[in-house]
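**Student:** One letter stands for each residue in the lines below.
Number of protein chains: 2
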Amino acid sequence: MSSAEAFAKAAKTAFEDSQLITSKERATALLCIRDALQSNKAEILAANKEDLKAAQIEVDAGRMSESLLKRLDLDKGDKWDSMLQGVSDVAALPDPLGIVSYAKELDDGLELFRVSCPIGVLLVIFEARPEVVVNIAALAIKSGNSAILKGGKESNRTTLLLAQAIAAGLSQSALPATYIQTIQTRAEVSSLLALDQYIDLVIPRGSNSLVREIQNNTRIPVMGHADGICSVYLDESADIEKAVRVVVDSKTDYPSACNSTETLIVHESLLNSVWLVVGRALLEAKSARSPPSPAAIRFINTHSSHHTDSIVTESHAAAAAFCRGVDSAGTFVNASTRFADGFRYGFGTEVGISTGRIHARGPVGLEGLVIYKYMLRSTDAKGHVVGDFGAGGKQYKHANIAATLPF
Amino acid sequence: MSSAEAFAKAAKTAFEDSQLITSKERATALLCIRDALQSNKAEILAANKEDLKAAQIEVDAGRMSESLLKRLDLDKGDKWDSMLQGVSDVAALPDPLGIVSYAKELDDGLELFRVSCPIGVLLVIFEARPEVVVNIAALAIKSGNSAILKGGKESNRTTLLLAQAIAAGLSQSALPATYIQTIQTRAEVSSLLALDQYIDLVIPRGSNSLVREIQNNTRIPVMGHADGICSVYLDESADIEKAVRVVVDSKTDYPSACNSTETLIVHESLLNSVWLVVGRALLEAKSARSPPSPAAIRFINTHSSHHTDSIVTESHAAAAAFCRGVDSAGTFVNASTRFADGFRYGFGTEVGISTGRIHARGPVGLEGLVIYKYMLRSTDAKGHVVGDFGAGGKQYKHANIAATLPF
Numbered sequence: 001m002s003s004a005e006a007f008a009k010a011a012k013t014a015f016e017d018s019q020l021i022t023s024k025e026r027a028t029a030l031l032c033i034r035d036a037l038q039s040n041k042a043e044i045l046a047a048n049k050e051d052l053k054a055a056q057i058e059v060d061a062g063r064m065s066e067s068l069l070k071r072l073d074l075d076k077g078d079k080w081d082s083m084l085q086g087v088s089d090v091a092a093l094p095d096p097l098g099i100v101s102y103a104k105e106l107d108d109g110l111e112l113f114r115v116s117c118p119i120g121v122l123l124v125i126f127e128a129r130p131e132v133v134v135n136i137a138a139l140a141i142k143s144g145n146s147a148i149l150k151g152g153k154e155s156n157r158t159t160l161l162l163a164q165a166i167a168a169g170l171s172q173s174a175l176p177a178t179y180i181q182t183i184q185t186r187a188e189v190s191s192l193l194a195l196d197q198y199i200d201l202v203i204p205r206g207s208n209s210l211v212r213e214i215q216n217n218t219r220i221p222v223m224g225h226a227d228g229i230c231s232v233y234l235d236e237s238a239d240i241e242k243a244v245r246v247v248v249d250s251k252t253d254y255p256s257a258c259n260s261t262e263t264l265i266v267h268e269s270l271l272n273s274v275w276l277v278v279g280r281a282l283l284e285a286k287s288a289r290s291p292p293s294p295a296a297i298r299f300i301n302t303h304s305s306h307h308t309d310s311i312v313t314e315s316h317a318a319a320a321a322f323c324r325g326v327d328s329a330g331t332f333v334n335a336s337t338r339f340a341d342g343f344r345y346g347f348g349t350e351v352g353i354s355t356g357r358i359h360a361r362g363p364v365g366l367e368g369l370v371i372y373k374y375m376l377r378s379t380d381a382k383g384h385v386v387g388d389f390g391a392g393g394k395q396y397k398h399a400n401i402a403a404t405l406p407f
Numbered sequence: 001m002s003s004a005e006a007f008a009k010a011a012k013t014a015f016e017d018s019q020l021i022t023s024k025e026r027a028t029a030l031l032c033i034r035d036a037l038q039s040n041k042a043e044i045l046a047a048n049k050e051d052l053k054a055a056q057i058e059v060d061a062g063r064m065s066e067s068l069l070k071r072l073d074l075d076k077g078d079k080w081d082s083m084l085q086g087v088s089d090v091a092a093l094p095d096p097l098g099i100v101s102y103a104k105e106l107d108d109g110l111e112l113f114r115v116s117c118p119i120g121v122l123l124v125i126f127e128a129r130p131e132v133v134v135n136i137a138a139l140a141i142k143s144g145n146s147a148i149l150k151g152g153k154e155s156n157r158t159t160l161l162l163a164q165a166i167a168a169g170l171s172q173s174a175l176p177a178t179y180i181q182t183i184q185t186r187a188e189v190s191s192l193l194a195l196d197q198y199i200d201l202v203i204p205r206g207s208n209s210l211v212r213e214i215q216n217n218t219r220i221p222v223m224g225h226a227d228g229i230c231s232v233y234l235d236e237s238a239d240i241e242k243a244v245r246v247v248v249d250s251k252t253d254y255p256s257a258c259n260s261t262e263t264l265i266v267h268e269s270l271l272n273s274v275w276l277v278v279g280r281a282l283l284e285a286k287s288a289r290s291p292p293s294p295a296a297i298r299f300i301n302t303h304s305s306h307h308t309d310s311i312v313t314e315s316h317a318a319a320a321a322f323c324r325g326v327d328s329a330g331t332f333v334n335a336s337t338r339f340a341d342g343f344r345y346g347f348g349t350e351v352g353i354s355t356g357r358i359h360a361r362g363p364v365g366l367e368g369l370v371i372y373k374y375m376l377r378s379t380d381a382k383g384h385v386v387g388d389f390g391a392g393g394k395q396y397k398h399a400n401i402a403a404t405l406p407f
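From first to last, the protein sequence lines stand for chains A and B.
Just so you know, full-length UniProt numbering puts 150 at position 150 of the first sequence, and the rest follows in order with no gaps.
Just so you know, full-length UniProt numbering puts 45 at position 45 of the second sequence, and the rest follows in order with no gaps.
Quick caveat, the hints were computed from the structure, so don't treat them as lab data.
Cβ coordinates follow ideal geometry from the N, Cα and C atoms, glycine included.
Be a bit skeptical, because a hint or two may be false.
Below 27 Å or equal to it, Euclidean Cα-Cα: the simulated BS3-like pairs (lysine-lysine) are [what the hints assert, rightly or not]:
1. 9/B x 24/B
2. 394/A x 76/B
3. 397/B x 79/A
4. 153/B x 49/B
5. 394/B x 76/A
Covered stretches of chain B, going by a simulated chain A footprint (3 or more residues, C-beta under 8 Å) [stated by the list, open to error]:
6. 14-28
7. 53-65
8. 212-224
9. 313-324
10. 333-340
11. 364-376
12. 386-396
Looking at chain A on its own, in the form it has when it is part of the complex (with noise of 0.2 Å):
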């Protein structure tokens, strides 16, 4: 057995084993990760430097770029305690398991009901930024699945020992310490991808070419977060000062975010009223590329990359056309673009933004990482089979019941 498939098969059985443990076992498993995590702050923080000596040789070399340097350090501001107190936040969030949307009586005495549920494992890619190693730990613990993960590696010697402080935590929990299992190099990823008995999502987390390259290399689904194009559109009963306000934080609140946004499309009406405002507006902070277009709609649905376009209008007509005929994960009204995120959306928490169109789209909180089982319980003293139905035999009744687990 490779030592991928080790890795693997571990995770799967960790899973399975791991069914049955209760929502406040999870949640004192994060617990002891975030007291793990404390205990060994010194030498992984020790280790965190040794990283980023060596990236400031690569960056003198010119081979690794500032910002890349920048997010690798864990010890920057408030960071360290900010990612303690995410583990203690997830922590405290509603159980996403559980969770019944769907309950028909089919027959007396024979109840289904639809209970979320875990995914199963997940092989979860990412670049830099070490403390998302213990961001997407507690996600996978907090919704159920055990995960496989693969960092940058620019920030191995730093994630190597947060791994090693989450597996003693998970030692102090109900929960098995290969719950999380990290791997550092590229050909382990590349061997789990062809796993597809024991791995059930992958979700990638970086460029486009990073989301692709995994798609082209796996039959295991892939929720894929990748870049934005997006889009603001001035309609023609565009209000000159939010079209100023909502132009310019969507383009540069923060400019390499994926949800800031690329392409501005204003009604030819405006060209000598709004976009010479708003240009100007722009002007003092960015600069922007304006295709003006009377048929935003197809234009954008055309070149943008579905993430999250936003009008500008004071009508409520062209405010519903857009939001429904724009085909995208969001669609805005005289609001900016960047509002697109799962702490911004009430989600408590974010797994990444989700470029995909299957299972879970946009900011993704705690429910995109679980999926759902059918629970049938006859409680007939003779059980229930379905060959006493049909022609002749009885029919069902499909009755809304209550949405209470029975066990």
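Given chain A, work out where chain B should sit, using these hints.
**Tutor:** Then chain B, alone, in the frame of chain A:
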């Protein structure tokens, strides 16, 4: 442009152009299709006779099974009428689109809605029965997706005429005639699997090898509908009558169905009691293999296909552990695995039974063909920008609001 690419592009355009078409217009389109099918009944059944003739030659030569031939026949019993009734039934189902599943006020005058919407362009590949073209076309139209359909080559003459009638029906409606297209060759399927810029979801309904072959050859998400390996576990507290009824029904009600049972697991304490009676009842019907196992949950998780598994037990604790511990789309108590079915579950229709773990699991109704988008509306006099929030600025409210769309 290849013919496959022309199909795919036309489907995407048809999808995008129909975003604003109402639920009522979709229902009308379905009734137009039903009428067009009825008007062309004679020609369609004549083509079906040709398919049957060609198939008979294959059967006589030993190259096709008798049962496949039977499934081709569109004029058998009430098949034609129930195909048309199915279209009317789907038209009458509740609209799966526009349903709000999350509604929050992020700030005064900033409302967020998560609204169900179509996935996009579906590529549906299935085998044998020609009426599936009509079923799937109806489901796609109702759920707002455009679709490209590929049936079995044995029914090419029939499906061609069915497709023409569907297009004729669509041309009487608000939907474009290219909303539903059919293709006839494997080469076209291969070409389409490369076109992830146009096609959003592939739904193969057939053998494990069909599903796997498609997963190996596309980066488009695949919602597989493959074979099931289902289990029944007779717990030590199993009631003897329930055991006999559930096992015999699960195994023999329709042995070739994906939800019939392959594996029977018997608690060792029952070997000289319940098992003898169940075994005799099965011998009177069919045969079964019985790997007795004290660790039934582990056994099922390792060997089942995670489709549907049932326990026969009088113990509440055993039922609870089984339902939560078995990692399958259906976990049943004292009920036949044959209940795993969209109609029996009360969905009113069925796309198939998904053996995947992402997006839709188990029997798939219209809900499985939709995803959602987030609509965000600012009613503030100045619009909303994220730059106003954060340290020293505004805080997010995240208050629940009515799940009623403003447009």
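**Student:** Could you tell me which of the hints above the structure violates, numbers in ascending order?
**Tutor:** Of the numbered hints, just 7 does not hold.
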